[in-house]
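A.B. asks: Numbering-wise (the working numbering), the sequence shown opens with residue 1 and increments by one.
Misleading hints may appear alongside valid ones.
To be verified - Just the calculated beta-carbon pair ranges, DEER-fashion: (1) 218 to 80: 33 to 41 Å; (2) 243 to 23: 29 to 37 Å; (3) 160 to 94: 35 to 43 Å; (4) 255 to 19: 28 to 36 Å; (5) 159 to 13: 44 to 52 Å; (6) 94 to 171: 29 to 37 Å; (7) 26 to 80: 19 to 27 Å; (8) 13 to 95: 49 to 57 Å; (9) 255 to 194: 47 to 55 Å.
No lab work stands behind these hints, which were simulated from the structure alone. Using N, Cα and C, we set each Cβ at its ideal position, and we do this for glycine too.
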Amino acid sequence: MANADTLGAYLKNRRTKLDPATFGFAGGRRRTPGLRREEVAQRANISATWYTWLEQGRGGAPSAEVLERIAQALTLTGVEREHLFLLGLGRPPPPHYSASDPITPRLQRLLDVLSHSPAIVRTATWDVVAWNRAAAAVLTDYATLAPRQRNILRLMFSHERVRAAQADWHAVARFVVASFRVDVARAGADAEVAQLVDELSRSSPEFAELWQENQVQAHGDGVKRLHHPKVGCITLEYSAFAVDGRPDLSLIVYNPASAADRQLIDALMQAD
């Protein structure tokens, strides 16, 4: 096992934090707080003896399926579940995608403070869920779109204004599809995007061709050139960041590449 003693201590710690009454177990006087070992084993549908051995650091290497059951039995958060797998197997758990919760006000304030840098927050399925004023002025005014339409792939292949703004649409589209494929696979969200992929494959032969290429590419950072209908060409340097504690979200920041580009963005912001 990757770390038997530490795993046992972690399981015991999580078990003692739980309220028996929450799970329908009798409360009353208990020698120690939290659930009993046999109650965790019952919830996880595993042997009480083996679970006891796991806590004692002598249960042998558990399978990923068993760790998943224990994680559910202990109602672990996403971060706690990942830590459990790292201790038990020495590797993160398989992807377990869930729909995004709303972003926090703190994250929105971070976007807003980037006054001349367009910034967005997107999900693993590339739905834009937050943006700042600069993004609305330079990229797309997402507030004017229905939530379903705020998907970057749908905009790239179905929105004429977004398409016309790309300096080299074919290169950008290929990059977007390849990066999207990586994020979806990493998040385990293939089922969630199946309908979108089918829709775009039917409506856009270009998307269908790119999707069939099965290319993959990390988003990382780079340079983006846009043809804005009001001010002309804007060059932006972009970087993608993970949002700590929210593996379902990514933050993308586009900085003006020069003082002249900043002036163009400033002009758009003042006109907004």
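A.B. asks: None of the hints should be skipped; say for each whether it holds.
C.D. replies: Comparing the hints with the structure gives:
1. 218 to 80: 33 to 41 Å: violated, 27 Å
2. 243 to 23: 29 to 37 Å: With Cβ atoms ~31 Å apart, the hint holds.
3. 160 to 94: 35 to 43 Å: holds, 39 Å
4. 255 to 19: 28 to 36 Å: violated, 48 Å
5. 159 to 13: 44 to 52 Å: Holds, since residue 159 and residue 13 (Cβ atoms, about 50 Å apart) stay within the stated range.
6. 94 to 171: 29 to 37 Å: holds, 33 Å
7. 26 to 80: 19 to 27 Å: Once the Cβ atoms are compared, 26 Å apart, the range 19 to 27 Å for residue 80 and residue 26 holds.
8. 13 to 95: 49 to 57 Å: Given a distance of about 26 Å, which is not inside 49 to 57 Å, the answer is violated.
9. 255 to 194: 47 to 55 Å: violated, 35 Å
Hints 1, 4, 8, 9 from the earlier list are contradicted by this structure; the remaining hints agree with it.
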